[in-house]
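Those sequence lines, one after another, are chains A and B. Residue numbers for the first sequence follow our numbering, beginning at 1 and rising by one. Residue numbers for the second sequence follow our numbering, beginning at 1 and rising by one.
Calculated directly from the structure, the hints in this document are not laboratory data. Among the hints, erroneous ones may be present.
Stated by the list, open to error - The list that follows gives simulated cross-link-like pairs (lysine to any residue, SDA-like), each with its CA atoms no further than 25 Å apart:
| no. | chain 1 | residue 1 | chain 2 | residue 2 |
| --- | --- | --- | --- | --- |
| 1 | A | 128 | B | 121 |
| 2 | A | 128 | B | 277 |
| 3 | A | 24 | A | 34 |
| 4 | B | 121 | A | 301 |
| 5 | A | 128 | B | 266 |
| 6 | B | 121 | B | 81 |
| 7 | A | 128 | A | 203 |
| 8 | B | 121 | A | 262 |
| 9 | B | 121 | A | 302 |
| 10 | A | 128 | A | 213 |
| 11 | A | 96 | A | 154 |
| 12 | A | 128 | B | 90 |
| 13 | A | 128 | B | 267 |
| 14 | A | 128 | B | 247 |
Nothing here was measured: the structure is a model prediction, and the numbers come from that model.
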Amino acid sequence: MTDAVAPAIPTRAVPVSPGRTPWKHEAIGFAIALLVLALLPLFIGDTYSRHVLIMVFIYAVVASNWDLSLGYGGVFNFGHLALFGIGVYAYSLLTKLVGLDPWLALFAGGVIATVAAVLVTIPILRLKGIYIILVTFGFAQLVMQIVISQSAITGGTQGLVRVPGLYWFDHNMIRDGKFAYFYIALGLLVASTIFLRVFVRSRLGAGVVALRDNEEYAISRGMSLVRQRMITLAASAFFTGMAGAFYAAYQRNASVDVFGMSLATIILSMVLLGGASTIYGAIIASFVLTVFGEAMADFGAWRPMITALLIIVVMLVYPSGLVGMIRAGWGAIAVRMKRTA
Amino acid sequence: MSSAFADIAFGGLFQGSLYAMMAVGLALVWTTIGVFNFSHGVLMMLGAYVAWQLIEIGLPAWAAFPLAIVAMGGVGWLLQASVVRPLIGRPNIVLVVVITTLAAGSLIENGALTVWGPRSKQLPSLIAGNTTIGGVGVSLHQIAIIVITPVILGALWLFLNRTRLGLAMRAVAQNEDASHLVGLNVTALYGLAFGIAASLAGLAGIFIGGYRFMSPVMGSDPLLKALIVVVFGGISSVSGPIFAAYLIGFFEAACNYYFGLYWTPTLLFAVLILILMVRPEGIFASRSRGLA
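Throw the hints in and build the complete structure from the sequences for me.
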């Protein structure tokens, strides 16, 4: 502590280390959850509820990918939402000005965000902990300022409207009660989650965690900090950018609000409330926070206050977030079952 | 030309004073406790509103302002006791405190919105009236800010370097374990650091509320600026951010003058990123963490 420039961010070994849960168990749980989600539109007919679920899926993709760089990587990347915003604007500009096919533009959103993530990695390679916050945050502000100042192309603070949506053969995307968008969003979340879980369970993911937990030792064992950090950020960017592109396609517009502090705060609370370094935690928290927020729509100004209070209480009692809470609850049930048996 | 110089000099001094006032509280909390207080901007807003409320119930400004600053000290201590202290010693404290202070900030911000409403309010100036210096029209309120800020910062420096309590705080910042061993009340010192930081934030709120309209969301922009100042100046000391605050103030004033308001934020961030690439520990940082 005496001669450290900044206190190193001490992190305890992650509860979910690669290979802890047998992958078969995880795959079964994943399949069940997927089945439940895929059948939801059959029971939920109204457009509004489906809209809420689509937003949950988008937030879940962004939050769980942030968990990869922030939770697993230990990189304080505060420019994550800029990657989302880059996806939004890449899609909007490519479809609207270039006339690219929306599906190709959706993919391009992910690719461009990945390239941006690699570019932002370069200045932070030498930096540690809290300093990364400033550079990544500065990167986000820089992107926002460029979007605002190039108003002839990007629409500036006015944003872009009438962005082309996605299509599915001759299916009418607008009058189907958001049926098609629901499944596209779900598909995006599933693809992203499988990618993230495979990544963090792989040797590569183990290396990322090793560098976070004990940088000096990991480097001395031959791990390249530069390469791993770049891979981590690039990997967390692709689906984030695609989620941004999908968001633009779904909302049919693009605005600089996506770079704002309020959205970043919401997504960050999802990552941390869910429990960092779990991937699933961020997804669960996206669901809880979004649905909880919608359920309290009548409370007006009290709504954000109740949400804030809830976050504080959960973080104080269960610092490892909702996943920690679920684990503790599951543990208690298991003990009781053993006792009765 | 002389007008351009006066414009930049005055603008830089004024913005620099505000940034310094905001940043020093943030730096104080970071250096002693090792966490970033993301509710610092909200505390600034609350300070302005508390002062406004005290004046509204009939107190004169000379009594309301100090009272509000003292009250903010209490709020800061309370905040520290509720959302920071229980987490001390936890391994991932930096991240968790980010979210608890953000949430506490959201709680206070929305509370202020409920209590005081969204309508803009304004505080009385510290000194009423206007004057002209070097061909630039300025208000006496701004002059007062430029004069008071260095005095307060100087007093803080004296406190940290010349008093027993201040030295104890620096000791905690330098080595927490050793401070425990020599019998310092580390918990109380943490509370004190947070309280002083909140008081300084409250003062900044009174400064800003006196020349601009106040709203419950007025704290978010100054918080971001303070964050930049602190990291740019080097988070290992309290004096680094103060110099950085004035430097950034002058830089912004010059950019505003020569390139226009539009390009200033872009240029600022571009320069900051470049500088951090060359000097990752901030421009004024020494290698060790401590309150100097």
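Exercise. Is residue 128 (chain A) close enough to residue 121 (chain B), meaning Cα to Cα at most 25 Å?
Worked result: Measuring from Cα to Cα gives roughly 41 Å; hence the hint is violated.
Problem set entry | Agreement of residue 128 (chain A) and residue 247 (chain B) with the hint, judged by alpha carbon distance not exceeding 25 Å | holds, 24 Å
Exercise. Is residue 121 (chain B) within 25 Å of residue 81 (chain B), Cα to Cα?
Worked result: Given pair residue 121 (chain B), residue 81 (chain B) is violated - Cα atoms ~31 Å apart, limit 25 Å.
For this session: Compare the distance between the alpha carbons of residue 128 (chain A) and residue 90 (chain B) with 25 Å, and conclude whether the hinted pair is satisfied.
Result: holds, 20 Å
Exercise. Residue 24 (chain A) and residue 34 (chain A): Cα distance at most 25 Å?
Worked result: Judged against 25 Å, a Cα distance of about 15 Å means the pair holds.
Problem set entry | Holds or violated: residue 128 (chain A) to residue 213 (chain A), with C-alpha atoms at most 25 Å apart | Judged against 25 Å, a Cα distance of about 13 Å means the pair holds.
Exercise. Within a Cα-Cα threshold of 25 Å, do residue 128 (chain A) and residue 203 (chain A) meet the stated pairing?
Worked result: holds, 23 Å
Exercise. Taking only the CA atoms, is the gap from residue 121 (chain B) to residue 301 (chain A) under or equal to 25 Å?
Worked result: holds, 19 Å
For this session: Compare the distance between the alpha carbons of residue 128 (chain A) and residue 267 (chain B) with 25 Å, and conclude whether the hinted pair is satisfied.
Result: This hinted pair holds, its Cα atoms lying about 24 Å apart.
Exercise. Does the alpha-carbon distance linking residue 128 (chain A) and residue 277 (chain B) stay inside the 25 Å limit?
Worked result: With Cα atoms ~11 Å apart, residue 128 (chain A) and residue 277 (chain B) stay inside 25 Å; holds.
Problem set entry | Straight-line alpha-carbon gap residue 96 (chain A) to residue 154 (chain A), limit 25 Å | holds, 10 Å
Exercise. Does residue 262 (chain A) lie within 25 Å of residue 121 (chain B) when you go C-alpha to C-alpha?
Worked result: OK: residue 121 (chain B) and residue 262 (chain A) at ~23 Å, within 25 Å.
Hints 1, 6, counting from the list given before, are not met by this structure.
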